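Fit chains B, C, D and E to the given chain A structure using the hints.
Protein chains in written order, with the working numbering: chain A, 1033 to 2073; chain B, 52 to 280; chain C, 6 to 98; chain D, 2 to 303; chain E, 9 to 126.
Simulated from the structure, these hints should not be mistaken for laboratory data. None of the values given here were measured: they were computed from a predicted structure. Just so you know, not all the hints are guaranteed correct.
[Stated by the list, open to error] Not everything, but these chain B residues come out facing chain C in the computed CB check (under 8 Å): (1) G176; (2) A186; (3) S187; (4) F196; (5) L246; (6) F273.
The beta carbon of each residue, even a glycine, is placed where N, CA and C say it ideally should be.
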Amino acid sequence: MISPIHIITIGLGVAFALGFVNKKAKNFSATIMLVAIGLMGAISVAWLTALLQGAETVQIFTAGFKPPYSINLMMGIHEAFLTTLINVAGLLGGLYLLQSLKNAGNHAIMVFLVFIMGLNVIIMTRDAFNLFVFMEVVSIATAGLIILTETGKSIQAGFKYMLATGIIAGILLLGIIFAYYFSGTLNIDSLAEANITTLKGGSVAVLMILVSIILELKPFPANGWALDVYEASNPGISAMLSAASATALYFVLFKVLAIANENWYHILTVAGMLTFIGSNLLGIKQNKARRLLGYSSVGQMGLLMAILGLKPILGDKLEFIAATILVSHYLAKAGLFWLAGIVENDNIKNWSALRRKPILLVLFGTFLFVLIGFPPFPSFYGKWELIMQLSSNQHYYVLALILLGSFLEGIYLFRWLGYAIKMDFETLPELNINWNKIIPPVLFGVLVYVAGYFTSALVPELSALNYIPLLFIAGIYFIDSLPAYIKNTVAIIGMSIYGYQILPPLYENDMLRFIFAAIFIGGGILTLTAGYAYKGKRSGFYPVALLMYAGLAYIIQATNTLEFFFGWELMTAGSYFLIIRGKKSMPHGLSYMLFSIAGAYAILAGFGLSFAGTGTYNLSSLAGISSNITIIFSLLAIGFMTKTASLGLHIWLPGAHAEAESDVSPMVSAILLKAGVFGLLLLIINMGHNTETAQIGYILGWLGALTALVGNLAAAFQEDAKRLLAYSSIAQLGYILFALAMMSHLGLLTAMYYSINHFLYKAILFLTIGAVVMRVGTHMMYKMGGLIKNMPLAFIAVLIGIIALSGVPPLSGFGGKWLLYNAILAKGWYLQGAMVLFSGIIAFLYLFKLIYSVFLGQMKDNLRHVKDISIWFAIPVYILIIGIMIISAKPEWVLQPLGDMISQWYPNAALAWNGGLATGPYGYWNGNGIMITVGIMFVSLATWLWMMSRKAVQVKQFNIVYSAEAPQRPETTHISYNIYAGYNKALGWIVAPKITAFWDTMTEWIHSLAQYVRQLYSGNGQLYAIYVLAYIVVVYFTMIF
Amino acid sequence: MKNIFTLMILVAFGIMIYPLVNSFKGNDKLPELGNYYAQPENVTKVNSANLVTAVVVTYRGLDTLGEVSILFLTAAIIAFFLKKQTGKHEVRENSEIFTTAAKVLFPLMIILGVYIFMNGHLTPGGGFQGGAVIASAVILMLLAFPEVPVNQKLLSYMESISGIVFVGLAALGALIGFGYLDNAILPLGTFGKFLSAGAVPIIYSFVGLKVGAELSNILVEFKSVQSNE
Amino acid sequence: MNYLLITSIFTGVIILVFTFIAIYQKNMVAAIISTGAVGLFASLMYLVLAAPDVAMTEAAIGSGLSTFIFFYVLNRIRSTDKKKSDSVKNDQL
Amino acid sequence: MDFELKRLGFTLLGLLIVLNWGLLMGAAMRKIGARVGKRYGIPWFQPWINLVKNYAIRTSLSHGIMFYLGPVFRLSGGIGLFLFMPMIIGSQLWLNYSFQGDLVLIMYFQFFGMLGMALGAGEGGHPYSAIGISRGLSQFTTIELPLTLAIISIAIQYDTLSIIEIVQAQQGGFMNWTVFTNPVATIAAMLSLLGVLSHSPFNLVIAPNENPIGPPTEYHGSFLGVLQTNRAILHVVEAALFMNLFFGGATNWFEFFAKTFLIYFWSVFVGVVFPRFRIEQSVSWFLKVPLVIGVLAVILYM
Amino acid sequence: MEYIALGTGMLVILAGLWAIMTRKNLIRIIIGFSLFDTGIHLVLVAISYVKGGTAPILDSTVCIQDAAQRIVDPVPQALVLTAIVIGLGVTALMLAFAMKMHKEKGTLDIRSFKDLKW
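Just chain A, same shape as in the assembly:
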């Protein structure tokens, strides 16, 4: 094995030797440099493999003396791992920078090589002064690399950088020399043993050392210089600084922390959290891509710093957490900066240029999701473990702050992603992409997935996870260039096979899960069927759609909280991409994502607290929680309620559902929302028996009732058909929340029955209306009218859908109302119950508006020749209608087994079944009988009337009213716009967009805050130097007080 010290030999030797190379032979020099970095990398990789296979950590002595008398280096698993990371980054970064380096000449190539070498040494060295020297090497090399691509800005940034790091280095040197004075040694390990923090002067010396290293990690707010560097230097260099330098310096902090006392852990935590939140807050206001990445990079390092500060809590989990987040940041940030170099446009709105090369867009999305911590990437596991450990140790404030910071990060990252996906790119110039610029990000993109896979292998709770769906999605992605109908078929077949495998066992064992699985998978297959109506490739649709379904399937099959959360996040990611596909979906996709992230964090915190209480991830262990019940229940409920779009958390839904594509709306409405219901149901059956949760349930009940009322009222005042249906979904989910919150047998049964029904009729309505919209080209109902003549299939589907939805007998909706009445009376929630029932009646307003405005009334001239809806939409719709008919005529087929299942948890006040007759605690209901009675009556009356009027003459609509004289402007005769004006006058105040206004105000405040705080970064390098010194002083005074 080659001694690791030869990393220095190779690095410096080659750098020196490059002086011989002819100045013109730049290709040769660049190749030599890459070979040298490759060799350095080979050494570290060789050591990494050896150490992983159990080799001992080695100390490398110099000068023939043992430490502490001479400088020594160390090569342990940490060092091997990190040097490998750095050398890989160096190799790929060097490759990426090939043109720039060659342009700048041999000297620049030398500087780059020495830079990488220096990073290796600061990782390996165990001597404080040697550390200082090589940190200087790195910082001078950095200053040189900043001006690799020389612009006015980069020179300024370089000067600011030198000024700040100069002060930092001076302080570090002072600290080191005094540490030497007090301990008589320069070796870090001996310094740690000497424990000089007990001395008054010694503690100051330690402070100076540690603060300077913290400052090198760019803590907020003393980091203006670093941000300028990220923004102004060549993106390839920024990538190196963010990935390689930051990684190395982080390890330095880790190493040097040994000399500190435990007070420092608090300081680190505070400094880290401040940075994490501060930078991410300022990122919100930032529109320049590279500076934004700088904020994100600084923020991530802050998080890592805080994690280090939490070492006493995290214990032996520290390494796993820090490594996963560090590696994620390393891969993602390098990748993003590299992409920034390819895009060559610093305005994040112009990143839509990535769409010229879809692979780049995929990479971009991947890296952003890595940063946020989505599965299956390493950071997901790291954040999960971090939260679990924090909550186990009752560090709730830190936990909350970490989640807050991550959320702020999500705001700007997803806004950016939205721009990249949705903004116009036709006007932007072509990307010029060299092979050497594309290889590094692609490689890192692949590595992220590989790293994610290996990380998941380290997590025992995920050992049962089935990776086949994910592989299937990857496969679908690779055939993305095929026509849509092929992919559609493959997707349907795949889902059918999966459903065939998981549904039967669930039917046997777990009726609740079976119902949801059937909705998710069956609904998925049906909605995908509609996809045949789309021509062309439909690039990117199938992977994300399947991702959502895979996430949903994981949720169903999850047995522990980690699996559940894994599925939940996958589902969120998939649905986000589905939603944002819509033409005007950019803002809605963003708000969906933000609510989802916030909700996911609430869930995460809830799971963390439950883990703290029970010590296990098992989902059923939720039932055994004895402490913090209120908080856990509330957090989880809020998390799930972001998906069910309860009042206050609903503002994302209307836009997201309305602007989505025609077959996506049913996916995200009829199917996706049930994930939240499933979560709430799990929560209630496990935790509903406590007195505390019953109190929350009471609040949730009112919330559900209000949601139903507001949702329905708002739906009644919509002019946009899909928006109307979206508000209707909010209201329906309000009923479900209300029913669930009752936490009684009938409540749960109602909720389940409503879920099934909502799935059926909302899928019908969204599919049909979506198909109609595809034909007529507008969402606005007042622009349609009279379509019954052209679209009888659609009309019948909508008619049945609205009858089912409204709860009018004999269709299935009535069963829901009946159950609801009984449940309300049995529970005693009369007033909120009345509110729910009242809002159920309001539903008639919008249902009538929907069917009347679209299909009835006067026909518009421009729509005289539209065709009926696509057969591919009609097929799933009519299958769903058959479902409605079955469930209406034979409700006992579903309700009886469900009731038996629910009786496990809530045996009281169950329904008694006698054939088709259900007898509840208050009333009785025979779905079957009503269906037959009404059916016979209806048919006979229809026949009778037909007999009497069979000679009726078909007349045109104008013939009677206007005596066959069409008015001048026929469109004015379709009374549809704002038809509930009177109602609006009386009740419109309820649906005044106060909640939207509330969130808008919140957003505005955050933006103003960010705007205010970022005045700190005035651009004056001197001011930044003052901040650096002030930071040190503040830390000192914090320490002594």
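Leaving out everything else, chains B, C, D and E in the frame of chain A:
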């Protein structure tokens, strides 16, 4: 107003470093590390009369390597940073006395520099000081003969050769000695004599050459900017 | 010993005086020379403190070479300023 | 099976009785309204004449399938309500088909006819019908709220949602009637009834005396006949519902006629006295006074 | 003596920082930086001093055997050597930057280099 704020910070910083000054009691005897280096058996192991040189070249040789690379980096960065500045030379006549003196002094200064770094293990001074003297000689020539182009290639070769030798000797220590930068790869010689201390004089000489070349390079780069307007 | 102490006090005071001059002297040339003088007297202090190696280095590098570089840069900046007829009075800053 | 056939027969007979009683009551109300307004009014048999005339009209115009289905829905709604409503307590046969569903079924089946009617009228393409429907629906939603509260109140009171059980619980003297045992709920419900029957002041929807506005605008001939049939049946059944819930039900047809007449008369009486409301006025009104009374009714029984 | 050196060093450090933080001229800031460095070097040398010690060079006056009792600490001196050279490198580089910045904007006022902010 801003200065008052800055002053407050500075005063606070002063308060912060006051404990350092306050707890400084001077040294009554050598600290542990220095004491170890001064022990006769350890002195003879390195066999360099100048203990500072011993520390600089062997015990803390890696620092020196880093330091050399810093100068190297500085030279390289300044080279590519300022390289686009070459242009017309603005010739200025120097007095004859000055130019003659420079001609005479230049070889003497070079010899002095070489002497300083070659005796670094015996007398005060060493690679850095010697290198600095060489660089001063170069400055002298630059001032005296601003129009004469400097052979930067030579400087650069000198720099590279000495760098490679330094690194090579260091690596040789790891290969055949007891560790990187072990000076015992060459015979230690007699204490206090010119040929002593193993590889120390050689290493220090090359450090001197390298530092001299690098400093000269930096100066030449600045000068070339200078003369271009 | 006493003699050395007096020397060091004297040197210390001179260093501080030159430091002050370096910071507040309006004439940049004088400021740079003062900086060099600070280095020079610091090297005197090093000699007193039994550090001849450091003294040599500081004298040659700290006060010699770096002063030279300062002058080069100053010269260059001045020549640029002269070219631009409107001279920005940087030194007053 | 035999019993089932017999039940069918009795139900159809009941339907006939209810239809004629409804027509008669309608005529009586018009008459009363006219006399109060110092007019002579229609002859008592006018509704029968209208009905026969409409059914007999030969020319018949249709706008399409939904236009035709609208009246079918409407009449099905009316007859369905009749079917699911117990008429005379004490006889298995006059209970109709109420064993298939309870009060909730009645509550929601009301909408069946309305919805169909709205759709049928919608296809006519007449702007006025759309206006009428939107007004009708708007008003109806708020009418339902106090009614729902009243029903919840009596469901708590009698611990059941079964109409038959509610009626049975009120037997044994008029002091057992809900109107005396639970007067607040009764008031709320009776205020709702005014709206349910769409009489003045809540009759903007059909506005009978002015230019043809409202859902039935485009209907005529046999279609209009069906609608008139339904109107007759529906009014009686609605009155019967209130009778069952609040006034002790009926144990024989005489009691039935008497009680339904008085309940119906109540709405006419109010209509004669008060002027018509605009929609937003009536919506607001229902969400003020009756709502508060309804909430009170529930709170009293909580 | 070493106290004086230490005290002087500390004061020079503060003075250098003051110059860095308040002077507006780039060259002056770099001068401040240079002073800051010199101050640190003074502190280092002061720490290396042993009362009554001689230079750590073993020659006829100081023989090997009693070296440990007579010399001053060579370690900080070695560190200072390194630090001085590093300081020169940084100073030179900063000057090069300052020169370029002046070329770009024609001024040395640090307040005029605010192209990057927020």
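A quick look at each hint next to the structure:
1. G176: With a minimum Cβ separation of about 5 Å from chain C (threshold 8 Å), the hint on G176/B holds.
2. A186: 6 Å, holds
3. S187: 6 Å, holds
4. F196: 16 Å, violated
5. L246: 21 Å, violated
6. F273: Interface hint status for F273/B: holds (4 Å vs cutoff 8 Å).
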